[in-house]
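Peer 1: So the chains spell out like this:
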Amino acid sequence: MATTQTSSLVSKLPIRLRNFFARYPPQIYSAAVAPRPEAPETGAPVNVNVEDLPSPYTPNRDAKGFKRPDPKAFSPSKAILHSDSKHPNPFLPRKNFRTGKWFGPRIGLRRQAELVKLAIKYNVEALLPPGRKSTEFKETRRAERGLAIKGTGIGQKVKGHKWERTMEARLEDRRKAMMEMPEMIRLWKQRGHGRGWKSWPKR
Amino acid sequence: MTLPLRRIPTKLDCTGTKSRTITVRLISMAMTGFYRTMIRPRTHRPLSMLKYDPVVKKKVLFLEATKGGRNK
Chain B
1 MATTQTSSLV SKLPIRLRNF FARYPPQIYS AAVAPRPEAP ETGAPVNVNV EDLPSPYTPN
61 RDAKGFKRPD PKAFSPSKAI LHSDSKHPNP FLPRKNFRTG KWFGPRIGLR RQAELVKLAI
121 KYNVEALLPP GRKSTEFKET RRAERGLAIK GTGIGQKVKG HKWERTMEAR LEDRRKAMME
181 MPEMIRLWKQ RGHGRGWKSW PKR
Chain R
1001 MTLPLRRIPT KLDCTGTKSR TITVRLISMA MTGFYRTMIR PRTHRPLSML KYDPVVKKKV
1061 LFLEATKGGR NK
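Sequences listed follow chains B and R, in order. Following my numbering, the numbering of the first sequence begins with 1 at its first residue and continues without gaps. Following my numbering, the numbering of the second sequence begins with 1001 at its first residue and continues without gaps.
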């Protein structure tokens, strides 16, 4: 019963997706069967050697607080890109460990994007192998990059424009001045409309 | 031998007199930074008047401001 249902569903797919799934069967290659990435434990203390830190007098980007991402560090988006050495992911480049040479992905980024778009249209995106064009990868990466915006971290402040930074104080000044305005006008009228006025503002 | 320095003549030297009137700035006392520029006789007492401030949308007191903050 299930087999007939599945086969009828498969027959509804466009020929391009059918050919792809025939060549790369989802039970081996799809993102659904790929092992879920696990973040490494971060309990280990980080030893920071003062001498290793860049000098603040060095005119480089590191000294100004810019941290280049460590290529070996764990990244949730990169962890999604799983490839099995037995069944190499056709969406990812591959390294030949004997010769040390890199091979490009079997299916390039343009064709990957086309396949993903087609798969989304037919609601079978989960059956594709994990790749850079998948919705999951893009969302994870956006979440990751979103945190990298300057000023949004813990204990940081977005600098903003000067008018934004001083707005609160200026409005407070104005509010106070307007509260005292009727009294000021009364005094001004009492003192002969400015004849006996002493406190003139500075320019 | 050095040549004696010659002073460059200024505008005041040419006219010889100060103008009878001066331009003054009347600052809104609502602390909005809004001001009006007016002309008054040099010998007149400092200007002050109630005028409309478009920032607070009200009639407020405007006082004349001078460079040193000192008026006669």
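Each hint should be verified, as a subset may be incorrect.
[What the hints assert, rightly or not] Below 16 Å or equal to it, Euclidean Cα-Cα: the simulated EDC-like pairs (lysine to aspartate or glutamate) are:
id, chain 1, residue 1, chain 2, residue 2
1, R, Lys1058, B, Glu180
2, R, Lys1058, B, Glu183
3, B, Lys78, B, Glu38
What the hints contain is simulated information worked out from the structure, not anything from laboratory work.
Peer 1: Which earlier hints turn out false for this structure, listed by number in ascending order?
Peer 2: none
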